[in-house]
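Just so you know, the sequences run in chain order P and A. All residue numbers for the first sequence refer to my numbering, where the first residue is 1 and numbers rise by one. All residue numbers for the second sequence refer to my numbering, where the first residue is 1 and numbers rise by one.
It is possible that some hints are incorrect.
Claimed, not checked - Some chain A residues flagged as far from chain P (calculated, every beta-carbon gap over 10 Å):
| # | residue |
| --- | --- |
| 1 | Tyr14 |
| 2 | Leu35 |
| 3 | Ser163 |
| 4 | Ile284 |
| 5 | Leu289 |
Unchecked claim - Okay, the calculated beta carbon distance ranges per label pair:
| # | chain 1 | residue 1 | chain 2 | residue 2 | range |
| --- | --- | --- | --- | --- | --- |
| 6 | P | Pro130 | A | Ile56 | 46 to 52 Å |
| 7 | A | Ile56 | P | Gly290 | 40 to 46 Å |
| 8 | P | Tyr193 | A | Ala157 | 51 to 57 Å |
| 9 | A | Ile120 | P | Tyr193 | 53 to 59 Å |
| 10 | A | Ile56 | P | Glu356 | 41 to 47 Å |
| 11 | A | Asp59 | P | Asp305 | 49 to 55 Å |
| 12 | P | Gly432 | A | Ile56 | 46 to 52 Å |
| 13 | P | Asn321 | A | Glu139 | 37 to 43 Å |
| 14 | A | Glu99 | P | Asn321 | 36 to 42 Å |
| 15 | P | Tyr193 | A | Leu84 | 35 to 41 Å |
The set of hints was computed from the structure by calculation and includes no laboratory data. Using N, Cα and C, we set each Cβ at its ideal position, and we do this for glycine too.
As a plain string of letters, each chain reads:
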Amino acid sequence: MLDRGSTLGALGLSCLLVSLLGVAIEPARAQNAAPVKLGIVSFLTGPAAAPFGIPGRNGAEIMIEAMNAGKVPAPFNKAGFGGGKIEAKYIDETGSAANVVTEFRNLVQRDQVDAVVGYVSSGSCLAVTPVAEELKALTVLYDCGTPRIFEEKPRNYVFRVSPHATMDNVGAARYLLAKKPDITSYSGINQNYAWGQDSWRDFTGAMQVLAPKITVDKVLFPKLFAGEYGAEISTLLTSKSQVLHTSFYDGDLEAFLYQEQARALDKRMTIIATTGEAAIWRLRDKMPNGTIIGGRGPNGPLAPDSELNRWFQKIYSDRYNVPPTYPAYQMAMSLLGLKLAYEKAQKGEAKPTTDEVAAAFKGIEFEGPSGKVKLAIGNGHQGISETAYGTYRFNKEKNEPEIVDIVRFPAECVNPPAGINADDWIKEGMKGAKC
Amino acid sequence: MLTAFAILVDGLVYAAYLFIVAIGLTLIFGVMKILNVAHGSFYTFGAYGAATAVGIYFDRGLPAAGGFLLMALFAMVLGLALGLILERGVMRLVYGRDEVVMVLVTYAAFLILEDIVILIWGPGSYATYQPLLAAGNTEVGELILSNYDLGLIVVAALLAMISFWALKFTRYGRLLTAVIFDRETAAAFGINVRLVYTVTFVIGAMLGALGGAIMAPKIAVTLGIGVEVIVLAFAVVAIGGMGSIEGALVGALIVGICRAAAVHLVPQIELFVIYGVMALVLLIRPYGLFVRAQPRKI
C-alpha cells in the first residue's frame, strides 16, 4: 500500500517525466544551431512587381516566419533550417542583367548568404546561373520558366523546384483539345522576347503533334510592355480563329484584356492565358468568363486539396488579405525543397556545407502546397510535377473568381523525360509521354 | 477592304496617342532646345493622376462624362504643378549650359520622379478601365471599334487645331514662334524669353500629363510606362523635326499608319518599322521633315 510520501514523490516524478517528454516532443526552437542566411530576390518595383515579385516576396516572408516558429505542418515542422534560424535579405530584381548579377555577387560575396532563392525573369535566371556556378553558390530559381537553364549544360549549384514553361504550354494544348476538339484554327499574341517566343514555340509544337490538322492563323509578337494593342485586336477581329493563345502577364495581360473587352474580342474567340491565374484576383469580373486559365502548375485554385495547401492558403490570406497566387506557391515550394535538402544533409546541429546540401538536393522528391514535385530532369536539378488547367468563371453570388472544369495532367505527360531537351522532345512527337 | 479600313483606323488611333504625347516634347525642344527626358515622367504622373481620379469618381456611380473631364483636369493640374516645380526649381539653374548637361539634368529628374511615384502610389499597378468600357463600341462590318479610341482621334485633332490656331493667331503664339526661330533676336526685340521658357515648359508638362491621363484607361498604370512612351515620342519628333508642331502631327501619322500596316500585314517587322521609317526620313531629311538645316552660330 502506498503511503502519502511515496504518492507525492511518484506524482512529482511523473510531472518531471511528463514535462521532459513535452520538451522533447515540442519542435526545438532555433536557438543553438547556427543561423541560415538566405538572399531572396524578386521584383519589388516595376511592372512585374505586383503580379509576380511581391507575391513571391510575401510567400517567402510568410513561409520563413512559419519555418522559424516551427509551425509548418509535418514533415517540415523542424524550426528554421535544421534548427537554425533563417535570416532573409530581400533584394529587388529590377534592373539590367548586369545589375542583377552585381546584386547576386553582393549577396554571395559581401553578405555571405548560405543560399539565394529568387528570380522571376528568365533573363535574370540565365544571367545569374553561370555566376552561381562560378562562385559555387547554392541558388534556387523560383519562378523563371525558360527550359534552357539545365539544357545548355549540367549545373552543380543551381536548382529549380518549379517546373519550366514547356509544361505550361503542352498542358494548355492538351486541355484545349480535351475541351474544344472541334476547333479548326488558332492564333497567338505573345510578347516579343524569350518568354513569349518560347511559349508560342512550345504551344504550336505541341498542337502540331496532337492535332496537325488545326491551322495557325495570326501570329502576333508585340513589344514587351507595349501597352497599346489596338492594331493587334483589329487583326484578331478579322481572323477566323476560334482560340487565342497568350502568355501575356501582368500589365500587358491586363491592358490587353481591357482593350479586347471594349471591342468584344472574347465573344469571338476563347482566350488561353497560360499565366492567367496570377491575375484573377486583380481582374476579378474583368477576366472574361470562359478564359482557359493556367497557373504555371497546380497552384492557387488549381492546387490539389491537402492539409499543407489549406494551411498555406490560410496563413497567406490572413496576412495579406488576398489568396496566394502561383508566384507565392512557387516560392513556398522552393523554400520547402531547400529546407528538406538542408536537413537531409545536416549531421547533428552542425551546418552542412554547400556541396553537402547540393548533393542532398539533387533528385529530391517531396509534397508541398502545390502537390508532389520531383527533381527528375536536368540531371536531378530541375523539378517536374503534374499540371492543371481550368476554365475561368466569376461567381457573382460569392463575388469571387473561380476556376472550373479543372483537368490535371500527370508530370510525365507534360514534361520531357530526363536526357532530352524540351524543344526536341516536342518536335519528336513527345515520345514517352505518359498520360 | 476591311483590312485597309482597319489599318486606317488603327493607324489614326495610334497616331493620336503619339501626337498627344509628342506635341509637348517637341514644343519644349523647339523653344528651349532641351531634349526633355523627364517628359516621360509627366506622362507617368498624368496616368497615375487619372487612376486616382477614376478611383474616386467611378466608384460613386456618377455619370461617365464627368469622369472623363475629371481625369483630364486632375492630370493637367498635376502637369502644371510638376512643370512649374521642375522649371523654376531645376531647369532655370542650368539654362545656357551645354546641351549634354541639359539632357543629363532632365534624365536625373526623370529618375527622381520615378521614385517619387513609388513614394506616392506604391509599387503596385492600378486599373482604370472604367472610362474605356463605359464608352462602349461601334460595329463596322466584322470590325468592332472602341468609342474611346474614336474619341482619342477627335481629341488629338482638336489639340492639333488649337495648337495651330494658338501659334498662328495669338500674340503668345507669335512670340513663341519668334523664340523658336531665333532666341537671341527675339530677346533683342524685347521678348521676355525666360517667361516664354517657363510658360512653354509648363504647357509641355501639361500636355505630357494629358497624354498619360488619356492612355490610363487602356493600360495597366504601373512603373515604366513613361520609359516606353518617351522612346516612341522621340522617334515621332525626330521624324517630324524637333520643334515643329505640324512635324509632330505628320510624324505621328506616319508612325501610326506604318505600324498598323505592319501589324496587319507583316507582323514580323512591327517592332522594326517605326525605327526603320525614322532612319529613312533622317537619311533624306537629317533635321526631320519640317525643319530646315540651321546655320551654326559661332
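_Reported absence of Leu35/A from the contact zone with chain P (all CB gaps over 10 Å)_ = 22 Å, holds
*Taking the beta carbons of Gly432/P and Ile56/A, is their distance inside 46 to 52 Å?*
58 Å, violated
_Range hint compliance [Cβ, Ile56/A to Glu356/P, 41 to 47 Å]_ = 57 Å, violated
*Ile56/A and Gly290/P, beta-carbon distance inside 40 to 46 Å?*
32 Å, violated
*49 to 55 Å as the expected CB spacing between Asp305/P and Asp59/A, which holds or is violated*: 36 Å, violated
_Tyr14/A and chain P, when compared Cβ to Cβ, separated by more than 10 Å_ = 7 Å, violated
*37 to 43 Å as the expected CB spacing between Glu139/A and Asn321/P, which holds or is violated*: 41 Å, holds
*asked:* Tell me if the beta carbons of Ile120/A and Tyr193/P are separated by a distance inside 53 to 59 Å.
replied: 30 Å, violated
*Distal placement of Leu289/A relative to chain P, Cβ over 10 Å*: The assertion about Leu289/A holds, with a minimum of 23 Å to chain P.
*Pro130/P paired with Ile56/A, Cβ distance criterion 46 to 52 Å*: At 50 Å between Cβs, range holds.
*Taking 35 to 41 Å as the hint, is the beta-carbon distance of Tyr193/P and Leu84/A inside that range?*
39 Å, holds
*Taking the shortest Cβ-to-Cβ distance between Ser163/A and chain P, state whether it exceeds 10 Å.*
Holds: least Cβ distance 22 Å, greater than 10 Å.
Checked against the numbered hints above, the structure breaks hints 1, 7, 8, 9, 10, 11, 12 and 14 and satisfies the rest.
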